[in-house]
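K.L.:
The primary structure of each chain is shown beneath.
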Amino acid sequence: MKLSRFLLLIICVYSYQFAVAQNKTPVKFGVVSAKDFETKVYSLDSNASAVIIADVGSCTIEGNLKGWFSAVNKHYRRIHILNKNGYDLANVSINLYSNGADEERLEKLKAVTYNLVNGKVVETKLDTKSSVFEDKIDKKRTVKKFTFPNIKEGSIIEYEYSTISDFINSPDTWAFQGSYPRLWSEFTFNAPEFFNYTFLTQGYLAYTVKETNVVQDVFTVSDLSTASASKHASFIAYVNVFRWAIKDVPALKEESFTTSIDNHIQKIAFELVERKSPLTNYTYIDSWPKVAQQMMDYDKFGSMVQRDNGWLKEIIQPLISAGDDQEVKAKKIYAWVRDNFTCTDKHRLLMDQNLKNLVKSRNGTDAEINLLLTAMLRYVDITADPVILSTRDNGFAYSNFPIMSQYNYVICRAVVNGNDVLLDATEPLMGYGQLPLRCYNGYARAMNTGADLINLYADRITETKNTLVFIINDESGKYTGSLQQTSGVYGSMDIREKIKSKGMESFQKDIKQAMGSDMSIYNFGIDSLNNYNAPIDMHYEFDMENNGEDIIYLSPLFGEAYKENPFKAAERRYPVEMPYCMDEIISVQLEVPRGYVVDELPKSMVLKLNEDGDGIFDYRVSQAGENISLQCRIQLKRANFAAEEYQLLREFFTQVVKKEGEQMVFKKKK
Amino acid sequence: MQKLSLLIFWMAFSCQAFAGDDIYSVATIPAALLKDASVVKRMELVRFEISLTNEASLTYKVAYTILNEQGDRWALFQVGYDKLRTVSTFTGTLYDASGKKLKSLKKSDIKDESGMDDVSLADDNRVKWHDFFYKGYPYTVEYEMVMNYKGTMFLPSWTPQEIYNMSVQHSLLQVVCPASNPLHYKTFMYNPPPVITADKGNKIYQWEVKDLQTKESEFASPAWYKLTPSVFLTTERFTLENYQGSNASWRDFGKFVYDLKANRDALPADVKQKVHDLTAGLKTNMEKITVLYKYLQQHTRYISIQLGVGGWRPFDAKFVVEKKYGDCKALTNFMYALLKEAGISSLYTVIRAGEDKDYLIKELPGPQFNHVILMVPNGKDTVWLECTSQTLAAGYLSNFTADRLALAVDEAGGKLVHTPKYDYKENLQVRKIKASINQEGTLDATITTDYQAEQQDRIHQLINGLSKDKLMEFLKEDIDLPTYDIRHFNYVEIKSELPVVQEQLELDASNYAISSGKRLFILPNIISRSQRVLNEMKERKYDIELGMAYTDIDTSSITIPDGYTMEAIPAEVDLHTKFGNYQARVKLEGNTISYIRHFECFTGTFPAADYEALRQFYDKVYKADRSKVVLVKNQ
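Protein chains in written order, with numbering that gives the first Met the number 0: chain A, 0 to 669; chain B, 0 to 634.
For the record, the hints were derived by calculation from the structure and aren't laboratory data.
Be a bit skeptical, because a hint or two may be false.
[As the list claims (entries may be wrong)] Sample of chain A residues facing chain B (criterion: CB under 10 Å; computed from the structure): (1) F145; (2) R361; (3) S505; (4) D517; (5) H538; (6) K562; (7) F566; (8) E570; (9) P574; (10) V656.
Even glycine gets a Cβ: it sits at the ideal position worked out from N, Cα and C.
Make a model of the complete structure from these sequences and hints.
P.N.:
Listed below in structure tokens is the structure:
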């Protein structure tokens, strides 16, 4: 209760901050004049192939005929197409969702193309009867598609439609920004006083308009679904009219090393917090512990996990031996779930089938698979709770408020022999206690009594790689070597993935190809290929080509050197979000080739990314008689860097690439 | 009586399938079929039955034993359907290694989803699919399916071995066809004639394979269907909705294609007038074609709508005039109409676009096409027009449709024609670099490159598809240099039947020259390094088919900092092979490294025995492209 009052307070504060500026929507449907075609290049973005002149949306909560309320979303957009590359904006898709009971439907679509012909504006209307196509993606999803007729370079197009949605708890998010520039983007939210919504805003731009008004409206709710006399209610209530607009919104640009562009886009989302008089009072967003309790009682989430689940006996009994301690049990159960189920959807918070059906079908969502894992661990008396999170591609979730629409993934936290272990059984090649990278996206929440906060920032994980190379003059006079490489969690998973999907032979071929034809590779081996709890250890031997040249130039790091700067782009707009911290060590021990003397070796160096040493490059060379030793280590101790730190990172890797490209030079003895 | 034969046929099926619980036991797979296999096709029965009324049914049954993860995709069974083909039966069963039945799929397990491709605004493709998602290897899945065809234009083909790591225990194809409507077929890697039996006015054709072992995948091998037993089918007469056609000859099939588009070329008066306005005063046909093609490009765009017969019949010219869009058929037909109005005759030409230039099975007239272009005879020459592009030069076909057979149609029917081939002399990349390297090793380069014909296809797409700032972003990440920045770029397109894109880049690359103590290592080949490396193979089995032919010519001069003496310089390389020629020469004169590279790659089919020679050729080129000049600082 306290929390919801707090939220309300935020909203009120917001309301008072709204200015009363009279910034009106600059365009109106159907009002297009020859003057509108004059601009050929917009100063907002002189390279744009199309400019969105106005993007105007609204959401209005209205009574419906199903005994409740619907969200009426209106969308109006006008676009000026400047050249052919902007034609894709003339193809419009509208996604509609239905879960059987609740649905979204499309209404009042109109679309018009305007062209300037001999100084006059000529209109071509879309024939909405014959030229709007429907694609039923599956049972739940439908896409309505159309394209504008009569498109030319310079055309102005506009369209308008409404979708009526039964999903009022999380109305559609409004994105002020997209891949094309917008001269004006505006959203109005008409929220009746009996529904209290919270606003979640994100982005770096300032609002041009931010205002609120209060009006009165009549609400009529009917229930035609009951066979008996239909219920009918009508009442007057105040409506808060919130309006936001931003002028001159630049196009969004994607960059590498970004977890999700969704984390940077200028947008506003809405969540229903509570309902009030004249409706019965109800709180939708409660405190985290309360939400955790509700989730655990919910039949699409935790209710089955909380039961005795005697039916699990026949699965678990053959897996477990009498003397197994908690860890052995947990490992066996984890491996069984991982090895027997295929995860077909990795973006689900709730279950679509119950756990018994999951066991029958052998395929399910992350939620189903990890809730089964949780139930099985509980069955053998290991404390286990589901943990919910938002995956990287889904953007960050606000950790303070339980806004469930932001969460899209379930893992499991078990307490095994007194230690917390996080488990995800959806990845067939993942080891016990490891999580896929998609899970490292800020804070997660355990669905237990305390709704524990779990830190899953990428800065917490470090990917290691250790490479050991020996090169000697063997007895037969060949210059020959061996390489051993131990990969980290994710490197090991990549290797397993490659070998499983393409076969060991093809994996070896790729390695040989990468080493080039100067080296012949043999005695290739991989350890721990099927023991997912251990890192992959790859090793092989090789002979180096030697044609008796006067001078040998040797790249001592072979294929392990960075040949390219991973930070290619010269500029950066958004923070750099790497998948993990890194620690890579290459150590080379080599003998001077027989019959040669050292002419020159690379010099040792230590390079720091910044004063704090968040990145360290340590390159050390030493020589003792015929033996040369090289130790090269790159560490990045943070995964997240500010956009301002980008140049440091780029320069750091410039130096790494340069140093690692240096060669050892040997001269033939005279 | 036809029904009776079907019943007997099905009883034969049943006996085989349910003779014992263990027919799918893994133990009964011959050892030879397990070698290098991820999946074994245990049995496959394909029965395609064509009625006198040109309706047809496909009865299909297959069982795969999946041995490991790489075979998992065969546990997924999917059937595409549309307005002309419906699925009436879809069942599946899962067996364990011993052949014991584990479960059968329920109707509700079958997914039914849109099969629409990404480019279309509308089509009627849908997919039914199911996957057992089982992981207890080895396991066996069995699927049965019945499909009903309205019309017989598209017949199934039969390639029992579907991928190189699949072996096949047994597969049978039966086609029942009215004797009055002969079946045409073409087989590959299958020598004996089919077993043909007569049954009450029908002919039953049968092909069968047993015990096919896995194959090895090889670089640049011929199309899969040429390496393993395959049968392709058509019937002499067929229907598509209410349209009847004949596959008796290319002429006949072409006539069918033509009739679908005939009389759909009427232009409104204002467009007719426009054609006359545009072409008035132009002397040659080529000038008129160029002007009208430009008009098409400026006034239309590509939008794909494929519904029912609309997959083969174009929207008429009036539709394109009104909507200003169309698919390949509609736009080609519209261009045909524009030319016709200008008094130039042209031929609507169906073709298979994409990678496989050698797609056409000549001996089997029928619907082997997926695209339409326009052929305009012009005296001795022929002008080819790709009508879906808003940017291509008139008369140029990109590698999307170049160098392959196609079927040109007119009122007399169809005839096979060959689209232009761009050889190594046309597909040029001529690059000149003027560069200097400073004391820090930073390279400062001005690079001008002329790309011609197929070598310009990619860059043409880029410069026409990206805005200037997006192009800059792209260039800043596209070039194979360690750390660099583009200062300036410019493109000029010279549109002709052999189009050229002239590129100018100014860039600097830090640490391009690697200074290692007193030495400076410089790679004279700055951005034209071949990436091709082949693995050694003990025994190459198949012919080698080398695709696009081209020539790359590089001339660079690189100024080096003062105070260095040469220690090593790459030796001159001069290779002459049947696959191509390569010359590279590096010289240091004063403070300037001059580099010349001439690389010709030929197209063609070469015997498997040539593989090692090809590998060595690529390898020598790869190494030569990476050999460095070594300089030592004067003491």
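K.L.:
Now, for every hint given, state plainly whether the structure supports it.
P.N.:
Tested hints:
no., hint, result
1, F145, "holds (8 Å)"
2, R361, "holds (5 Å)"
3, S505, "holds (9 Å)"
4, D517, "holds (8 Å)"
5, H538, "violated (20 Å)"
6, K562, "holds (6 Å)"
7, F566, "holds (8 Å)"
8, E570, "holds (9 Å)"
9, P574, "violated (18 Å)"
10, V656, "holds (5 Å)"
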